[in-house]
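Visitor: Spelled out from the first residue to the last, the chains are:
2 protein chains.
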Amino acid sequence: MKIAVIGTGGVGRTLAAALATLGHEVAVGTRSVENTLARTEPDVFGNPPYSQWQQEHTDIQLLPFAEAGAFGEIVLNATNGANSLTALEAVGAENLDGKVLLDVALPLDLSQGMPPTLTVANTDSLAEQIQRTYPEAKVVKSLNSVAFPVMVDPSRVPGEHSVFVAGDHEDAKAAVRSLLEGFGWPTGAIIDLGGITGARGAEMYSRLYFTLAGVLDTFDFNIKVVRGA
Amino acid sequence: MKIAVIGTGGVGRTLAAALATLGHEVAVGTRSVENTLARTEPDVFGNPPYSQWQQEHTDIQLLPFAEAGAFGEIVLNATNGANSLTALEAVGAENLDGKVLLDVALPLDLSQGMPPTLTVANTDSLAEQIQRTYPEAKVVKSLNSVAFPVMVDPSRVPGEHSVFVAGDHEDAKAAVRSLLEGFGWPTGAIIDLGGITGARGAEMYSRLYFTLAGVLDTFDFNIKVVRGA
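If you read the protein sequences in the order shown, they are chains A and B. Note that the working numbering gives residue 12 to position 7 of the first sequence, counting from 1, and the numbers run on in steps of one. Note that the working numbering gives residue 83 to position 78 of the second sequence, counting from 1, and the numbers run on in steps of one.
Here chain A stands alone, though its shape is the one from the complex (with noise of 0.2 Å):
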């Protein structure tokens, strides 16, 4: 399947990665192929720049965001979240309406350092805010619970634990099912929150997210929802 990834990130670069080794034809989008190729230096979050990691993964192309969004036919919304809406924007959604829209991402003000606060929370949320923007869009917020390498590798963490998806067409959360088998998650593990306001608890979820990786001091952690008798 062509995959189109929003952000050339940590999450993005990640899971374009998992993607191409699971045969899928990937591309990256960003908003600028020159200005993402020129950086030499990694970048705040410790990343190393792109052409060093493009290097390692010649077979994903790198796409400016409307040709990479007309190149896919599931795009994934891996850009900061606080900019996802502009970097959308410039995907358009011409690339986008019809199609499976996974966000992934989450709307952070790191501003205050960490735990970071949400640009926007309990009255709203990103996914609801972009499914609004792109009514054509079939938007499914997933994943956005747990660290990137655990996004594609469950196995960090040991034994079964949880992930959730949400959305308002079910075509669309099948499809992302799907997906999140390929990198490991058992059917068993993904859990359906029901339409796409159930992204508000996954996002809200963050904060006790980036308090607990702060107190286990690592990343590689998740939760698993344990259902009495």
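Simulated from the structure, these hints should not be mistaken for lab results. A couple of the hints might just be wrong.
To be clear about the criterion: a stretch of chain B counts as covered by chain A if any three or more of its residues have a C-beta under 8 Å from a C-beta of chain A, and this derived list gives those stretches [as the list claims (entries may be wrong)]:
| # | stretch |
| --- | --- |
| 1 | 75-82 |
| 2 | 159-166 |
| 3 | 218-232 |
So the derived label-pair ranges between C-beta atoms look like this [stated by the list, open to error]:
| # | chain 1 | residue 1 | chain 2 | residue 2 | range |
| --- | --- | --- | --- | --- | --- |
| 4 | B | Thr91 | A | Leu27 | 36 to 42 Å |
| 5 | A | Glu165 | B | Ala179 | 31 to 37 Å |
| 6 | A | Gly187 | B | Arg232 | 22 to 28 Å |
| 7 | A | Gly187 | B | Arg44 | 40 to 46 Å |
| 8 | B | Ser56 | A | Arg232 | 31 to 37 Å |
| 9 | B | Thr91 | A | Gln117 | 25 to 31 Å |
| 10 | A | Gln57 | B | Arg232 | 28 to 34 Å |
| 11 | A | Gln117 | B | Asp114 | 21 to 27 Å |
| 12 | B | Asp197 | A | Glu99 | 49 to 55 Å |
Don't be surprised by glycine CBs; every beta carbon is placed ideally from N, CA and C.
Dock chain B against the given chain A, drawing on the hints supplied.
Guide: Just chain B now, kept in the frame of chain A:
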């Protein structure tokens, strides 16, 4: 130990009964003893009238807020979170200063139905508001992440699963850990989220919690934090 439980609803009654069973002297605090005992109908959540519950728990005193506060060596806030600051004002700073104040409340806005939004979130939390209002009290947030039957009986959910504590006072957190262990929470299940701002994560998790309760169709569940290698 003498423990005051502020709040006469399902949470307060469940905590009061469990604490009395464990051998503590318990007083429940209410705005008006007369009004609380005069009610003959179930409350909005379907709890039977307090007077009926009282007959089955004759060892538990019902006292006005301030008298309950004065009685307790430890004070539990089990009020409706949206009204907690008003209720604690009636308890009085003089009855909270220097004491462990275990806050189990969630600041829920149920006006739009389930799952509820929060009256405070993201950049603040109820527990932080309480700590700021009563700087001499030792506020600990805990137990708010599970339903009240699970609070006092974690075995309702199979295996080990997690409960959180957050607060600025180590001695107060140790006292709360002790209460939790009394309820049956294993030591290793209690995760310290650090200072009182850690309460923000525990409270914001409630959106995911109520969403999960809806899709699982039960409140008998919890999350287990699973750490990688």
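Visitor: Look at the Cβ atoms of Gly187/A and Arg44/B and judge whether their distance stays inside 40 to 46 Å.
Guide: For Gly187/A and Arg44/B the Cβ distance comes to about 57 Å; the hint is violated.
Visitor: Does the Cβ pair Thr91/B, Leu27/A satisfy 36 to 42 Å?
Guide: With Cβ atoms ~55 Å apart, the hint is violated.
Visitor: For Gln117/A and Asp114/B, compare the CB-CB distance with the range 21 to 27 Å and indicate the outcome.
Guide: holds (25 Å)
Visitor: Go ahead and decide if the range 28 to 34 Å is satisfied by the Cβ distance of Gln57/A to Arg232/B.
Guide: With Cβ atoms ~31 Å apart, the hint holds.
Visitor: Is the listed coverage of the stretch 75-82 of chain B by chain A valid when you require three or more residues with a beta carbon under 8 Å from a beta carbon of that chain?
Guide: Violated, because only 0 residues of the stretch 75-82 of chain B bring their Cβ atoms closer than 8 Å to Cβ atoms of chain A.
Visitor: Look at the Cβ atoms of Gly187/A and Arg232/B and judge whether their distance stays inside 22 to 28 Å.
Guide: holds (25 Å)
Visitor: Please check whether the stretch 159-166 of chain B has three or more residues whose CB lies within less than 8 Å of a CB on chain A.
Guide: It holds: at least three residues are needed, and the stretch 159-166 of chain B offers 5 whose Cβ sits within less than 8 Å of chain A.
Visitor: Measuring from beta carbon to beta carbon, are Asp197/B and Glu99/A in 49 to 55 Å?
Guide: holds (50 Å)
Visitor: Check the following: the C-beta atoms of Thr91/B and Gln117/A are separated by a distance inside 25 to 31 Å.
Guide: With Cβ atoms ~29 Å apart, the hint holds.
Visitor: Go ahead and decide if the range 31 to 37 Å is satisfied by the Cβ distance of Ser56/B to Arg232/A.
Guide: holds (35 Å)
Visitor: Check whether three or more residues of the stretch 218-232 of chain B sit with their beta carbon closer than 8 Å to a beta carbon of chain A.
Guide: holds (count 12)
Visitor: Is the hinted range of 31 to 37 Å satisfied by the C-beta distance from Glu165/A to Ala179/B?
Guide: The hint (31 to 37 Å, Cβ to Cβ) holds, given that Glu165/A and Ala179/B are roughly 33 Å apart.
The structure shown violates the earlier hints numbered 1, 4 and 7.
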